[in-house]
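Asker: Okay, here's what each chain looks like letter by letter:
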Amino acid sequence: MDKILKMVAQRLGLGLMTLFVVSLIIFLGVELLPGDLAQAILGQAATPETVAAFRKELGLDQPAYIRYLDWVGDILKGDLGVSLANGREISELIEVRLYNTLFLASVAAVISVPLALMFGILAALYRNGWYDRAINIITLTSISFPEFFVAYILILWLAVNWGIFPSISNVDPSMSLVDRLERVMLPALTLTLVVVAHMMRMTRASIINLLASPYIEMAKLKGLSPGRIIVVHALPNALAPIINVIVLNLAYLIVGVVVVEVVFVYPGLGQLLVDSVSKRDMPVVQASSLVFACTFILLNLTADVLSILSNPRLLHPR
Amino acid sequence: MSDFSRVMVRELKNSPMTAKFGMIVILVYVVVSFFAPIIAPFSETEIVGAEYEPWGGAFLLGTDNLGRDMLSRLIYGARNTVGIAFVTTMLAFAIGVVTGLLAAALGGWLDQLLSRIVDVLMAIPSLIFSLLILTVVGTSVINLILVIAILDSTRVFRLARAVAVNIVVMDFVEVARLRGEGLWWIITKEVLPNAMPPLVAEFGLRFCFVFLFISALSFLGLGLQPPTADWGSMVRDNATLITFSDITPLLPAGAIALLTVAVNFVVDWFLQKTSGLKE
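Same order as they appear, the protein sequences are chains V and Z. Anchor point for the first sequence: position 175 equals 175 in my numbering, and the numbering is continuous, going up by one each time. Anchor point for the second sequence: position 238 equals 238 in my numbering, and the numbering is continuous, going up by one each time.
Hints listed in this document are in silico derivations from the structure and should not be mistaken for laboratory results. It should be emphasised that the depicted structure is a prediction, and the values quoted were computed from it without experimental measurement. The C-beta atom is built at its ideal place from N, Cα and C for all residues, glycine as well. Possibly wrong hints are sitting among the right ones.
To be verified - Here are the in silico distance ranges between beta carbons for each label pair:
id	chain 1	residue 1	chain 2	residue 2	range
1	V	2	Z	113	28 to 34 Å
2	Z	143	V	232	36 to 42 Å
3	V	231	Z	170	19 to 25 Å
4	V	176	Z	113	51 to 57 Å
Using the sequences and the accompanying hints, generate a full structural model.
Answerer: Here it is in structure tokens:
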């Protein structure tokens with residue numbers, strides 16, 4: 001058991017290190033701006049005096065390492081600064097947006113994970129048959145599609161031609177859960193189509209990998225049905241890579257929503273990031289990149305820890 | 001050489017339908033992008049008609065949001081979007097393969113340093129990272145190519161290093177070392193040829209990734225800038241037509257999808273061929 005704790009602690013330490021370096025990169029990235037923030041906001045026409053005064057107001061006259069420490073300290077206290085574009089508190093802006101993004105990602109996950117597992121197990125069961133080959137071509141195709149292509153096809157069919165779901169997912173906090181679900185259905189379906197293929201292929205591959213092992217041979221010789229062999233004997237041992245790929249896809253769902261959110265005008269964090277990038281609203285870009293990066297790193301860390309914890313050899317040491 | 005070409009022809013004949021389909025599609029794209037000015041009926045940027053004209057007549061696929069010919073822009077888009085994605089992938093490979101093979105051949109602190117840098121770069125989601133950097137440095141074609149190539153070279157580095165680590169411990173590399181060959185010889189003449197198959201397959205996959213990535217950035221309005229004809233931004237510019245159940249905006253998106261599907265089919269076949277996988 002000690003060994004597991006040590007490995008998990010090691011991973012957590014590594015994760016913290018990565019978070020630190022990433023925050024440093026995000027901070028320094030903005031430092032490298034030609035001129036500085038004060039110049040960028042006030043424009044070329046501003047007099048040197050105004051720029052200097054504004055610089056003082058922003059705290060830009062301090063050396064870089066002090067500003068970095070201040071920035072990180074404020075973030076740890078939950079203060080992300082104010083937006084340059086509209087002067088609003090960034091933490092308020094991000095809170096609502098992050099909630100929306102997580103909501104969309106969870107709906108997509110609830111639909112896609114069971115689907116992917118089911119298709120993967122079926123493909124492993126009927127491997128090399130016509131079902132497997134068809135699924136292989138379909139998933140290879142859907143992996144290759146750009147997200148906006150999938151999104152617009154869904155809009156064309158389900159929203160414009162058949163009118164089942166609304167094509168614009170403008171949600172607001174006052175909506176009921178049912179209304180919200182209806183609004184996010186199309187973006188969630190788009191994300192589902194994008195991630196199912198990958199998860200399904202991994203599920204199939206990790207089950208098939210195991211089928212050559214002696215204990216599966218044994219189960220076959222005992223006369224068990226192929227379905228039972230795969231679900232009861234192979235699946236539990238294939239769980240580690242499957243869990244891993246599921247968590248990685250969840251990370252993708254949260255980070256990869258940017259394009260989908262823009263297509264459906266969904267007020268999530270990705271949309272906020274893209275808007276702020278085009279407005280060059282640096283504090284908001286910094287804050288939302290940091291939130292995205294943290295989520296991504298934390299989920300990757302979870303995948304690592306889970307795959308350590310689901311490894312039977314580590315759980316039951318001799 | 002004739003032996004080699006005979007084997008090639010036989011392999012191509014025996015390739016599955018999906019791979020044949022993929023190769024034909026790729027060939028068509030290459031031809032179109034080379035001969036764009038000859039094939040396209042109008043110029044890339046010229047406004048030739050009213051906005052959103054329907055299909056048919058002088059404009060086979062209608063006109064876009066500014067009244068430019070859709071077909072011509074689709075054809076030029078092949079040149080711009082595919083060309084830039086190709087250059088970016090080449091650059092990413094040049095960086096990734098050279099550093100990856102060096103790290104594997106030299107080992108020691110250089111290997112440690114490069115591997116840790118790559119770990120950190122890969123820990124940040126690449127779309128978010130490139131949005132951040134492009135905000136700072138500005139979205140010019142050169143910046144776009146450099147940023148994406150550097151971010152993508154991390155994946156190439158990982159693969160090249162992983163493959164090469166297994167090769168540098170082989171006897172023939174040891175022999176070359178004892179013979180007194182230099183580092184450059186060992187990397188290019190001993191390690192690289194043996195690392196080729198996985199790297200070639202990876203090139204196809206990386207190209208798809210970069211291609212989709214640039215299209216996504218352009219779609220968000222942060223990639224290739226107007227008036228360059230580019231498939232991602234063409235989807236964005238004409239997206240409103242979708243609500244009138246006009247499929248025109250799906251054409252550039254479909255052009256992107258078709259090429260990535262084609263490349264993936266060919267890579268899939270190539271991987272099965274070279275790894276000897278029958279499963």
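Asker: Now, for every hint given, state plainly whether the structure supports it.
Answerer: So, going through the hints one by one against the coordinates:
no.	hint	verdict
1	2(V) - 113(Z): 28 to 34 Å	holds (31 Å)
2	143(Z) - 232(V): 36 to 42 Å	violated (54 Å)
3	231(V) - 170(Z): 19 to 25 Å	violated (42 Å)
4	176(V) - 113(Z): 51 to 57 Å	holds (54 Å)
In this structure, the hints that do not hold are numbers 2 and 3, in rising order.
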